[in-house]
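Using the hints provided, position chain B relative to the given structure of chain G.
There are 2 protein chains.
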Amino acid sequence: MEKPLILVTNDDGITAPGIRALIEVMNEIGDVVVVAPDSPQSAMGHAITINSTLYCSPISINDSQPQIEYTCSGTPADCVKLAVNEILNRRPDLCVSGINHGSNSSINVIYSGTMSAAVEAGIEGIPAIGFSLLDYNWEADFEAVKDHVRQITLNALEHGIPQDVVLNVNFPKLKKEEIKGVKVCRQARATWVEEFDKRTNPQGRHYYWLTGKFVNHDGGEDTDEWALANGYVSVVPVQFDLTAHHAIQQINRWKLDA
Amino acid sequence: MEKPLILVTNDDGITAPGIRALIEVMNEIGDVVVVAPDSPQSAMGHAITINSTLYCSPISINDSQPQIEYTCSGTPADCVKLAVNEILNRRPDLCVSGINHGSNSSINVIYSGTMSAAVEAGIEGIPAIGFSLLDYNWEADFEAVKDHVRQITLNALEHGIPQDVVLNVNFPKLKKEEIKGVKVCRQARATWVEEFDKRTNPQGRHYYWLTGKFVNHDGGEDTDEWALANGYVSVVPVQFDLTAHHAIQQINRWKLDA
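Chains G and B, in that order, are what the protein sequence lines are.
Residue numbers for the first sequence, in this note's numbering: 1474 to 1731.
Residue numbers for the second sequence, in this note's numbering: 1474 to 1731.
Where hints are given, some of them may not hold.
Note that identical chains are pooled: a pair holds if it fits in a single copy or bridges any two copies.
Below 25 Å or equal to it, Euclidean Cα-Cα: the simulated PhoX-like pairs (lysine-lysine) are [as the list claims (entries may be wrong)]: (1) Lys1728 with Lys1649; (2) Lys1619 with Lys1728; (3) Lys1646 with Lys1619; (4) Lys1476 with Lys1728; (5) Lys1648 with Lys1728; (6) Lys1646 with Lys1728; (7) Lys1619 with Lys1648; (8) Lys1728 with Lys1653; (9) Lys1619 with Lys1649.
Hints in this document: simulated from the structure, not taken from any laboratory.
Bound-form chain G, shown alone (with noise of 0.2 Å):
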């Protein structure tokens, strides 16, 4: 049988250790090429570059490892549009974005370059997969998690990815033996307290750094918040079509005509 092929992508940067890692899974599944930001894209959202050129260059890194890699001056959203247009000669059999240094988890999949990357692929057709791990540290233990990319990985190439679904996957930061399993989850109801950093520039004008508390709202033992708490990877399946349907007969109800 012909191997899968494999596009590869992240948000941190092609340097990051977190695709190192998950580059090194790939090509023990597939043929893999990677196109990845030339820097880090982090809560890049959904970006695309419309307003400004796009470089996209063959780089060679030096890691004893088969894959193909590009780099490219866009967000993680424009790399799955240059690698399936432009790039591969044939659409991928998958597309895996990560491993990202930190959480993806609830309401942080809106914010997340990385899911923007497997939603784009999901968009377009091909099976994604968003992997990341709950540790910002560049040094972070991407080994301990090796083993559930590659079983998850096999799984979705095995099974199938429902249609219009991605995948959402969250690692805890836990050692290997201390995972407890895998549990397929909803996004847990959950937002971002803002705490925003007034500070002087040294022409005495105001700016701000936006930082902030998570603050999970959300009881549930289903959600992906519970499951990272308690030792688990979670998976959530993740949908494009943002239609809230339930609200559809209540709108219906409006005056709205002008």
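Relative to the frame of chain G, chain B by itself:
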């Protein structure tokens, strides 16, 4: 009764004709505070600014209108966060974003800075509406849609937008008298088929411009694309719980433990 406090933002920048038209309508309805980007932020998706500083300053735009205005160096989502946490002295009763120059119907909602501002407000528990006109022209006819903007806004304030839902309103590019009415719709299943324009810069290096063609794959008559193509205003209730609940059962059959 106290007038509602209305936060106005957009993604085309604070001087765009679309937001000026929106401010005019909102001044008839409530007390208006504008916090909008100082430059165009189209296609920024739900990007937020975490790796650079944010500037936000009062600005006076001489249009004989009573609103208070601030201009911000960040993304539309940043504007909402700054407004709610640093600028406003009470929570707004409504956040409106737009009127965008160009469509945010169907899959465009994912890439839209206009809608990301509305979604950000929604996440923070503030009722929110994004408005967009299917005309990219800077001289688009926003007068034609003002009555509908007013009517939809008044309905949202009177009836309340369902919890965890924001409204994505798109207007067809028609004369006022040609608009047939308003339809509450689901998001059409559509994609952009990318066409990269590959060029060579003066230094001989290749670069790309992202272009593409919008393709609607959805024949349903209950979609926003159908409504807009048939002369109606489309109102899609949008949610930010992205869980594909229907897929959980299927994925639970996989052998996920490593």
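For each hint, the structure was consulted:
Taking identical chains as interchangeable, the C-alpha atoms of Lys1728 and Lys1649 lie at most 25 Å apart only when they sit on different chains, with a minimum of 18 Å there against 57 Å within one chain. For the identical chains of this complex, Lys1619 and Lys1728 are inter-copy neighbours only, at 16 Å across copies versus 55 Å inside a copy, given an alpha-carbon limit of 25 Å. Taking the shortest alpha-carbon separations for Lys1646 and Lys1619, only the intra-copy value of 13 Å comes in at or below 25 Å, while the best inter-copy value is 51 Å. In this assembly of identical chains, the alpha carbons of Lys1476 and Lys1728 lie at most 25 Å apart only when taken from different copies (21 Å versus 57 Å within one copy).
Proximity of Lys1648 to Lys1728 under the C-alpha cut-off of 25 Å is restricted to the inter-copy arrangement: shortest distance 21 Å between copies versus 57 Å within a copy. In this homomeric assembly, Lys1646 and Lys1728 come within 25 Å of each other (Cα to Cα) only across copies, at 22 Å, whereas the closest approach inside a single copy is 51 Å. In this assembly of identical chains, Lys1619 and Lys1648 lie within 25 Å of each other by CA distance solely inside one copy; the values are 12 Å within and 58 Å between copies. For a Cα distance limit of 25 Å, the shortest separation of Lys1728 from Lys1653 across copies, 14 Å, qualifies, whereas the shortest one inside one copy, 52 Å, does not.
Taking the closest pair of Cα atoms, Lys1619 and Lys1649 come within 25 Å of each other only inside a single copy of the chain (9 Å); across copies the shortest separation is 59 Å, beyond that limit.
Of the numbered hints stated above, none is contradicted by the structure.
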